[in-house]
Amino acid sequence: MKKTAIWIIGLLVAFLGVFTVSAEEATLTLDDIVQKTNLAAYYGGEDGRSEVNMTITDGQGRTRTREFVILRKDVEDGGRQKFYVYFKKPSDVRKMVFMVHKYIEKDDDRWLYLPALDLVKRIAGSDKRTSFVGSHFLYEDVSGRSPTEDEHELVETTDTMYVMKNTPKDPDSVEFSSFTMWIDKKTFIPVKIEYLDKRGKKYRLVEALKTEMVQGIPTVTQSRAQDLLSGGKTVSEFSNVKYDIGLKDSIFTERYLRKAPKAVRN
Amino acid sequence: MLKNGSLSLFLWMSLLSVIVFSKPATSGVFQDNLYDAYEIELNGFAEVRQGWRLKDDPYEKGRSISEGRLQLDLGRDFDWGMLRFKGDVVEDLVKSRFRSGIREFNVMLSPLDFMDLKIGRQILTWGTGDLLFVNDLFPKDWQSFFIGRDDEYLKAPSDAVKLSFFFNIANLDVIYAPVFNGSVYIDGSRLSYWNPVLARTAGRDFIFGDHERNRFFADGELALRVSKNIRGTEVALYGYRGFWKTPEGMNPVSVTLYYPELTVYGASIRSTLFGGIGNIEIGYYDSREDREGDDPFVRNSEFKVLAGFERELMRNFTGGIQYYCEWIADYHAYRRSLVAQPGKDEYRHLLTVRLTRLMMNQNLRLSFFGYYSPSDQDAYLRPKAHYKLTDQWAVEVGSNIFLGTDDHTFFGQFKDNTNAYGSVRWGF
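In order, the protein sequences belong to chains A and B.
Under numbering that gives the first Met the number 0, the first residue of the first sequence carries the number 0, and numbering increases by one thereafter.
Under numbering that gives the first Met the number 0, the first residue of the second sequence carries the number 0, and numbering increases by one thereafter.
Same shape as in the complex, but just chain A:
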């Protein structure tokens, strides 16, 4: 009798469990997944700081490294953001600063500070599909691609992943024909993104190799971008990640281009 009761309770719990999960899944529309993924990938916390170590390996196996600190502040979740990138290595780019005010509805404002000349240069950067500091990551991988630029399609739902195909609304603006994201159901972190070229051939792969919880926020701490045609790849390691550190708006102004804030110098 007792055994049966436990069984029944067990079944009930299991059923309820399944039910709640499927209910949650049922309430998630494609749009919800798109939004949650965008927020998980690029809008963790109100602001954030991370040290980045990039190892760039070209098709011949030659490596180069980049070390920088990146600060981010969200103006609105899923919308405008500000970025401040302070270079530490190699020595020829040391103390250079790259700053972006990212908009959704218009081109970003970008600045570059060249310390040797004390020059605050405004940079023309309409093409976000350009390599970021010579790596296999693109500007868009760093600051995010607006979900409004693509048509989305949920092609598969596995036990752990949403598989979403994204097709650009303006195919002439990009070098790919589509890209497919494997999105972790729990964290909404895209763990793998595959790009197809105009002829439908897979040519580029971006992966989250390591994800950790930082202050309760799922955070990619190691990622890799590969150029499948040349064999080149870049691995980014993110360390000392911190969220909600109270970055002031003023950090993202000319003042702090000329005088790097403590948040990046330490």
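Honestly, the hints are just simulated from the structure, not real lab data.
Don't take each hint at face value.
To be verified - Straight-line C-alpha distance at most 27 Å; calculated DSSO-like pairs for lysine-lysine:
#1 LYS258/A <-> LYS227/B
#2 LYS201/A <-> LYS94/A
#3 LYS383/B <-> LYS87/A
Predicted, not measured: the structure shown is a model, and the values here were computed from it.
Please build the complex by placing chain B on the supplied structure of chain A, with the hints as guidance.
Below, chain B without anything else, positioned relative to chain A:
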């Protein structure tokens, strides 16, 4: 002399070779130790740069540039601010001398929440022009620029105090230099130029001397800027009170040059435009010692206007154009008083083009910068290729090409100085 020179260059090459063959990591260890022990950051580079004249110049030496250089950059952070030192030692084989120079030696603090302060030797830049300067009246080193040193050396240091105030309404920068910081101009010692006294091209046979402005406070300079970023549009107003940065005055009796008094008022605007960056900058140069424009030995007042546009033409390929005009005020008075013919035109129009192409994972940078003046009928072209062999090693080749139909125009006067150069640099 030449033998010594070759020996020195050999020594510099040896130094670089030692760096190649000793593991560069050792310098990294030294840098780390220095930081761990004293929290001092040490960086810098060693470089060999060699150039050749592509035309015969009867007034100058055969080599345009030949030097070994070591730059050290030291910095330390304190709770109260930052201390910075940056200096070069140079073995200059064209001038057969060894020299050293401090580029930066300053302290930077933020005494108030809305105020920054930088005191000491520093590099200063503002304004919106690309290798054209309207309201940037900080010293330049034109000689370095023309003989093919790194772009960094176009900017000469200032000994100054820079106060910056950041208010909601706008930002204010006040820069005061107690003693005038002049530009390095073309005096004939290294590059030949049009000499109005001789009415011909001259060089080492007539090196202009100038009367230095070196009196504390009496020869001081003040530069102001009020700036604001209004939703991505950067606007600024500028003011300057000091002296012409190059000696635009001459004492006709002693035939020495001097730096006449100058006041400048200006404004600029810069914003995104048609998928690129557009900018406009204007300035009025009030030549206070020749307000009527009738003193033939002092440069007249001038209006300067600059408009530029830069955008990405395709991936990793950027193009920029600028139009610039200098308009001489009181031109009739200038013409009437002119003693040395031929004089300048009332308007000097200038067009510039910049093309930058990044290749091979952005390790190869091909760039071209060209100035062309339709009014002076002259041009100055700067092609350059820069390749980063590794994160530490970089090589560069480039050229400075001067063209012109006349011998007396701004760029045309330098046409015998056309040169090419190459460099090898190790950064640490």
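Against the structure, the hints come out as follows:
no.: 1; hint: LYS258/A <-> LYS227/B; in the structure: 17 Å, holds
no.: 2; hint: LYS201/A <-> LYS94/A; in the structure: 37 Å, violated
no.: 3; hint: LYS383/B <-> LYS87/A; in the structure: 26 Å, holds
Consistency with the previously given hints fails for number 2 only.
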